[in-house]
Amino acid sequence: MSKLYERSANEINAGIRGGEFTAEEYIHQILERIDKVNPKVNAVICTDRKGALEKARLVDKKIREDEKIGPLAGIAVGIKDNICTRDLKTTCASKMLQEYIPPYDATVVRRLKDDDAIIIGKLNLDEFAMGSSTEFSSFGPTINPWNTDYVAGGSSGGSAASVAASECPVSLGSDTGGSIRCPASFCSVVGLKPTYGHVSRFGLIPYANSLEQIGPIGKTVSDVVMIMKTIAGADDKDQTVQVTYRTPDYTLSSNEKMRIGLVRELTEGAEPEISKQIYSAMDLFTNLDCKCEEVSMDYVEYALSSYYTIALAEASSNLSRYDNIRYGFNFAPDGYEWNAYFAKIRSNFGDEVKRRIIVGTYVLSSAYYGKYYLKAQKIRTMLKQELRSLFKKYDILIAPTMPILPFKFGEKIDDPIKMFMIDIDTVIANLAGVPAITVPAGFSNDLPIGLQMIAGEFQEQKLFNAALLFESKTNIDRNPEL
Amino acid sequence: MDSRETIKYLCSLSKLEITEEELVKYELQIEGIIKYLDKLDSITLSDIEPISQERNSYQLREDNAKSSRTDLLEYTINKEGRFIKGARIT
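Protein chains in written order, with our numbering: chain A, 1 to 482; chain B, 1 to 90.
What the hints contain is simulated information worked out from the structure, not anything from laboratory work.
This structure is a prediction, so every number in the text was calculated from the model and none was measured.
We treat Cβ as the ideally placed atom computed from N, Cα and C, and that holds for glycine.
Worth double-checking, as some hints may not be accurate.
Some chain A residues near chain B, calculated using beta-carbon distances under 8 Å [as the list claims (entries may be wrong)]:
| id | residue |
| --- | --- |
| 1 | 354 |
| 2 | 363 |
| 3 | 366 |
| 4 | 382 |
| 5 | 447 |
Simulated crosslink set (DSBU-like; lysine-lysine; CA at most 35 Å straight-line) [stated by the list, open to error]:
| id | chain 1 | residue 1 | chain 2 | residue 2 |
| --- | --- | --- | --- | --- |
| 6 | A | 40 | B | 8 |
| 7 | A | 95 | A | 392 |
| 8 | A | 50 | B | 8 |
| 9 | A | 344 | A | 418 |
| 10 | A | 50 | B | 25 |
| 11 | B | 66 | A | 237 |
| 12 | A | 291 | B | 8 |
| 13 | A | 393 | B | 66 |
| 14 | A | 89 | B | 15 |
| 15 | A | 50 | B | 15 |
| 16 | A | 95 | A | 113 |
| 17 | B | 25 | A | 95 |
| 18 | A | 344 | A | 276 |
| 19 | A | 371 | A | 291 |
| 20 | A | 229 | B | 66 |
| 21 | A | 371 | B | 39 |
| 22 | A | 237 | B | 25 |
| 23 | A | 237 | B | 8 |
| 24 | A | 418 | B | 25 |
| 25 | B | 79 | A | 418 |
| 26 | A | 89 | B | 35 |
| 27 | B | 35 | A | 95 |
| 28 | B | 79 | A | 229 |
| 29 | B | 39 | A | 89 |
| 30 | A | 408 | A | 40 |
| 31 | A | 237 | B | 35 |
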């Protein structure tokens, strides 16, 4: 059996269960694939060869001995490096955590392992998940597998690029303002940001607690659903998980006649080639007997400033814990006075992280708290209300995932506002806490375009229905030549 | 806003030490970000309640001690016995 790395997660699971090939054989091919293509994409920053092969052999042994195996048996999964993996370095792509080894697994990692998935390694990201291009990583940028002059998107650039490059069929990313959906769109793969409160954040190294969620990335909608079933659900280690079920009961039907709203402001605000693609998607749904209309959202224009106020404020608070005392890197405090040690250690943050801490501190300071943070939270209220009333009329909303095509390295890195602006389509779902998915919709100049679908709280099934329908009627390339 | 002084002050609040070079680099960028966030001024929402995320119920677990099987200090670098070493506080 060759080129097993080209198969989907579902296919791998079926193949291993059916005795077509062993998990060990498969993992050897995955590791070879990583060795071959990773120098070109820099998506994987730490490969756990030993752990992956050990787990593969265990899965094979269970199958040989007729023991029960988990629903993800044998599937290789990559984990964004801001999610804790026991005994495996977790750095958030930062010098600040360059030697950090977590003594525990994040809940999502524990669940993948319990379901017999095979963790193959850690994936590149913008430092502390702050960025939209994975150019802010201390491991160097991740490269778009479709064109090596272009960014892979961020902050989960490694998660998306590794899937696109067939280094693993599925991966986990995290999404605070678009960090799963942006790179998934730029790399022509599927990425889901679940409803806030659907997937446990225990073990996710925090950036902005009221905005972020861990979510799956894969080449197909059904692979994403497969992973979501494992990772989602109640966790007594995360009180912000709202659901009481442990495993959601998703179906893979695609026969819905849906009511769909196209968000005018976001679609018209995108580059013309992208708008065209989104309007085409609307036509496709209309021809499938879905009821499609344009809708307007009044508070979209405040979403970015609201998002960046809240995210930076929460970041400044979350990153205050980095003092190299309990975790970090080897730099002894002997001879240092507390404040001096603290400040010296914290000079190890990258530029983008420092800027965000500084601005976050500013917006939370007592003189400005009402002007920025409080106001931003009020915008959130308005956006939630607006979306709630839209979801009474529509099953899903559609819009571009990104307002622009993937861009070249260095184009936006010196201008923070230019970089922030590309999140305009994605932040709304994080602010309101609703789920959103991106699916490949086409190409322009050989660069990928993503279609975003947004649904009401805990309505991921509607997203899957629409995404499966769209996927089945289009045949967008998900396999770049490497 | 006197950017440089403000940035220096914010750095001291957030225990960040930045070089003169970084200060020069960041000054315009940070001013630009704050100016962008000022967009929030263009709307008045005085009667609106700020919401972060809403929860339908707040479930607390029973107040029973549970022992964690994780040794959180397993990989801590600067240790002496069961103590974590820190810098001197003066």
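Against the structure, test the hints numbered earlier, and report the numbers of the ones violated in rising order. Per hint list: 3, 5, 6, 7, 8, 10, 12, 13, 15, 18, 19, 22, 23, 25, 26, 28, 29 and 31 violated.
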